[in-house]
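*Asks:* Chains as they are written, first to last, in our numbering: chain A, 1 to 407; chain B, 1 to 940.
Keep in mind the hints are simulated off the structure, nothing from the lab.
Misleading hints may appear alongside valid ones.
What the hints assert, rightly or not - With beta-carbon atoms standing in for the labels, derived distance ranges:
1. A/Asp76 x B/Ser724: 37 to 43 Å
2. B/Tyr887 x A/Glu190: 41 to 47 Å
3. B/Arg855 x A/Gln254: 56 to 62 Å
4. B/Asp174 x A/Gly179: 58 to 64 Å
5. B/Pro764 x A/Ile54: 41 to 47 Å
6. B/His728 x A/Leu47: 27 to 33 Å
7. B/His785 x A/Asp42: 50 to 56 Å
8. A/Asp76 x B/Lys18: 55 to 61 Å
9. A/Gly188 x B/His785: 39 to 45 Å
10. B/Pro888 x A/Gln254: 34 to 40 Å
Don't be surprised by glycine CBs; every beta carbon is placed ideally from N, CA and C.
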Amino acid sequence: RNMNKNHRVPSSRSLSAVEVKSKFGAEFRRFSLDRSKPGRFDEFYGLLQHVHRIPNVELLVAYADVHGDLLPINNDDNYLKAVKSANPLLRLFLQRKEEADYTTFGTDSLTRKKNTVLSAVLLRPDPNKKKPPVIISLPKDFRPVSSIIDVDILPETHRRVRLYKHGQEKPLGFYIRDGSSVRVTPQGLEKVPGIFISRLVPGGLAESTGLLAVNDEVLEVNGIEVVGKSLDQVTDMMIANSHNLIITVKPANQRNNVVRGGGVGGGAASGSSSDNGASYHGYLPHGAAAIAGPTHIIQNFSVGELESDEDDEDVVIEMGGEAETIRRTPSNYSMPSLPRYEPHLNLRTATAANSGSAFSINANGNLRGSGGSSGSLTNTNASSTTPSPDRAKERRNLEEEGTVITL
Amino acid sequence: TMKRFRRHGTESQRDRLKQELFQFTKTVEHGFPHQPSALGYSSSLQLMAIGTRSGAIKLYGAPGVEFMGLHDENAAVTQVFFMPHQVELVTLLDDNSLHMWTLQSHKGLSELLEIGRFLLTGPPGYTDISVTRVTAVLTHSSGELLLLGTEGGHVFIVEVPGFRELEEMNISLDQITSCVPDDYIGRRNLEHVEALQENPVNSNQVAIGYGRGLMVIWDLDHRCAIRHIPATQQLESMWWTEDGSCILSSHNDGSYCCWTLRTGDEREEEEKSNVPYGHFPCKAINKIVQLPTAGGPPFLLFSGGMPRASYGDRHCITVIYSKTQVAFDFTSRIIDFFVTRDGPQHTVFGEPSALVVLVEEELVVIDLQTEGWPVIQTPYLVPLHSSAITCSHHVSAIPLKLWERIIAAGVVQNTQYSKKPWPITGGQNLAPDPPQRDLLLTGHEDGTVRFWDASGVCLYPLYKLSTAAVFSADADLNDNMSQGAEGEWPPFRKVGCFDPYSDDPRLGIQKIHLCKYSGYLTVAGTAGQILMLELNDEAAEQTVEAKIVDLLQGQEGFRWKGHTQLDVREEPVLFPPGFQPFTVVQCQPPAVVTALSLHSEWKLVAFGTSHGFGVYDYLQKNNVLVKCTLNPSDQLAMEGPLSRVKSIKKSLRQSFRRIRRSRVSLRKHHISNTNKIQEANARLEAEQAEMEMAPVQRKIEARSSDDSFTGLVRTLYFADTFLSDSSHNTPSLWAGTNGGTVFAYILYIPPVEHRADEALTAQPAKEIQLMHRAPVVGIVVLDGHGAPLPEPLETAHDLARSPDLLGSHHVLVISEEQFKVFTLPKLSSKMKLKLTAVDGSRVRRVGVAWFGSSRTEDYGESGLVFLTNQGDVHVLSLPHIKMQIRYPCIRREDVSGIASCVFTKQGQGFYLMSPSEFERFSLSTRYLVEPRCLVEAPLP
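Could you put together the complete structure from these sequences and hints?
*Replies:* Next comes the structure, spelled out in structure tokens:
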């Protein structure tokens, strides 16, 4: 979330030169860089092509960081980071872009076999380290995909999930239906109509986060209760909020509820933690509080939060000029824009100790049933996101029953 | 919150102002009641009553005199009777309940009120439901008794208005059978009571007709049968002639008999049995009426009786007078009929003047006193749906000159109608004259546009424009066949105008725009045709120019799979006085026109389809602009979805036709009712089971630019505003699409002296892509005072409406989900109001209206009126787009009602509550059009 962190310079290491050892195929090149004036990434890229004498080859540049993790260099920021953190050697691994095996950055660390071709490429300073190889996608592709919020104020049986759509190609990917649930009222148990998640589209955002499941009851959409609203109304509300959808559900499976522990990030024992309200307090606009309206309930996200910046980014094109986003006239709230990234690779990645990442991520995986996760990062390359065809088919068989009537 | 700290005073002040400006009232229903099921008439009150299958009861008298009531039971009204010489009426519902209604005066106005209800229980011991199931009702001339004939064959007598059963007076089946010779009855049942009639000259005598055919004359005083008439055919109806000398009976086999009642004779001889359309088996004569005339033979009228095989599907009423016989052939099933009489009021013994026939889809009134029995044009109850309504357009405050010209054009069209005044004249219309002349234009499936006087309570037809003549049609033969040839038997004559079967759906009117100042009209249709018309007081023969506009603009790889375009006639066509077309702009592909706007000052018309939009200069007869909005990947838009809709519609139409042909008489539905209920229940259960098996799902997905029909043009708007810089206002065109895009063009229009020869240009200026991508349904430019820009030519006619060109203009973009205000010319987002994200409703219809304060004459403000898909109407303040009021208006399930809604400039609205009825409502405290009338009780 806060890219500024990337620019923090480790002051202890300001030696004047950085030794670079660059490997392309079987060949090595060695050269040095001025640590204080490393230049821009594109200059560096040109330099690499030059020293390897491969002027027209598109390259994927990666380096081994202090932990031995293979991290990409593809922009000024991570280039700077790589240079600053070189201690003292900067070990580079170059691959042809067209040949590059992207799974280097995206294989599920838990299932990945160690002796793949690419793991051989990885240099490990300490091969005895028990830590599994951590596979990290390109930093420029990191962005929040979903989060559990407001854990501190919601009943433990409820879960408030935020899905970040950010104009990406990946579909939200779920369906809702009418149903009924049993509520405890002062008059005793009562059967009341409710809205339920009826289906998750394989490979969709909703499914990939693992935070929503079939038969979860939808209680609120962006802070507004759905009680008394028709299926169509709730559908329209969700679609209208689709760029920044916050839905409060009562999970059908109550075994993976977030257990409230001592503060943010607590509850590691239960395998879950939360990107909860605390992380949002910083954005609370001055004077903003609960939105007016009878159906509003207490929540930690604010008006400004709901009115995500993207929502206002209607595009105005001046004919004969450049496209520009609409300037918002000074408003009573400000929220730093979330960096927008190009969609790229694949698969969900849970990672620990990702020093280069702008986001704090918890390491417990995000598959439902493996312990509810909080912040999950997902990539959007459809081809690799889709599970193997067989699995997908199997799933479809399971989930596409019934008549689907769409609007 | 901010609200909490706002000063209390301003809040309450605004609340008070809101009360002065806004109120929601449903005021009057225009058109023809949906599914009428019963007809009643009071000759003393000169009022007609119509009951419907949904339990409504509507009373009509002189034009403007109308009342409406609704039974709580929601059951069909099967019979309606006025109490003789009173202001009360009795209704019988499908659920066997009886209801007493009255017209009560309150502050000088009459109101229709239900004052009593009654369920016949019969004396103790009767347990069978059929015993008390009412099949015939007689309101006794004393005004104190109701005779109720039942399915079990008994006649119960009830005192009104209190509904007290007079057990001792009941006429039981046993009492009847005891006085009828055994040889008639044998072992057969007399069946239910089919008809009850009072002797017009002796109120103590009533005739009871049984289903089996037997008729018995009963003396109420002596409580005994006087005579019996042993007809052998199933009885359908009875009529006691006014001199009391004869009883006519009509029968199931298409025959009628006249029974002369000679005093002293115990057993009556059947004078003659007549099968008017005989030889071959005939259908039942459902009702028969005979009325005397002063100096000649009587009128005989009966419904039905047609030869079963050849004409069994006709809905006919035969009128026989002297040597003249006409079988009036109606457009739908006959519900009931009555005949009005001339002469002094409060007597029924006048000359028959008009035959009033209620059929399922319209009311037809036939003048019986004018040679040739012409039809009298109805001032109300007009079948709006004579061809299905496809769109409507409302124009407020029509200048007198235009109004008179439209009326004149309409008069020429209506020469076939009788000159006689409307024969139903009861009550007084006390409503003040409407403050202005309003026009409602309805577009229909058959390519007609009907002009209605919508100023007052009666929605009166003024003029009908047909666009079909512009195009070469394949089949115009049907009309010639409909009129009966000389010597045809039965002597049919088609009456009525209900004709929902359009032969070419491409003719359907989709959009209408009338400029009330210039008399220019543009209408656009289903096959991409846009007609420009001009009002001409004289008939004119002219060639209509056709101009093709290719909206695809070279987009390749598409094949239009929808309908073909209509071919414009190349030879000159003679157009009658009225709106005459001079140009047809034909869009290619010929997709349905989805947006239309006329600017009569600039002489431009803008039009849009699912493929793009264009601007046509109807002075130079040139295209000024063509823009393709089609998303290259949008195959669905290319295919022409209407081709599919059309085919469904076509098959529906065919099946309706089939049903219509095969429909048999639905009388005696009380017998089949249990079957119906069982059927309905089974259907309901099946539906429920289906629901449980496969619940309806809704996909949750963000809209994307790849969605289908994102290029469909939803709204077009001309505005003179600041689009290029903030010091020069220029003409501009705005277009909004289904995908949330707004295109703005600067139009260069030459000065008046060069307007005819200098070229017009349109230059793209701005484009907004709304991030939420919801369809743009409206665009309004607000002037420096925050008021919506005036209509074209409005300023020229009323200087008070000059827009403020000094302050900064804003543009309000209305999507289905949000309202957003942008500054001009920079298009910075200034304000917005989210609707869907907050309550899940979406904007369906929108309009700008002016609301005047009810307290002070000089205060008023503009507001944005809109209707959501949930059926609620809202008013937003302008320019601050703040919610003012919200009222539930239409059931959200009533999708066609919601789609049909139009708003007026004075904060009223119309929507189709059924295919044939407009509900009128008002959001304004100042502009209300509602019936205000008085009906006084007749003198004793």
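*Asks:* Each hint needs a verdict: does it hold in this structure or not?
*Replies:* Taking the hints in turn, this is what the structure says about them:
no.	hint	result
1	A/Asp76 x B/Ser724: 37 to 43 Å	holds (39 Å)
2	B/Tyr887 x A/Glu190: 41 to 47 Å	violated (30 Å)
3	B/Arg855 x A/Gln254: 56 to 62 Å	holds (58 Å)
4	B/Asp174 x A/Gly179: 58 to 64 Å	holds (59 Å)
5	B/Pro764 x A/Ile54: 41 to 47 Å	holds (46 Å)
6	B/His728 x A/Leu47: 27 to 33 Å	violated (54 Å)
7	B/His785 x A/Asp42: 50 to 56 Å	holds (54 Å)
8	A/Asp76 x B/Lys18: 55 to 61 Å	holds (57 Å)
9	A/Gly188 x B/His785: 39 to 45 Å	violated (59 Å)
10	B/Pro888 x A/Gln254: 34 to 40 Å	holds (38 Å)
In summary, the numbered hints that this structure violates are 2, 6 and 9.
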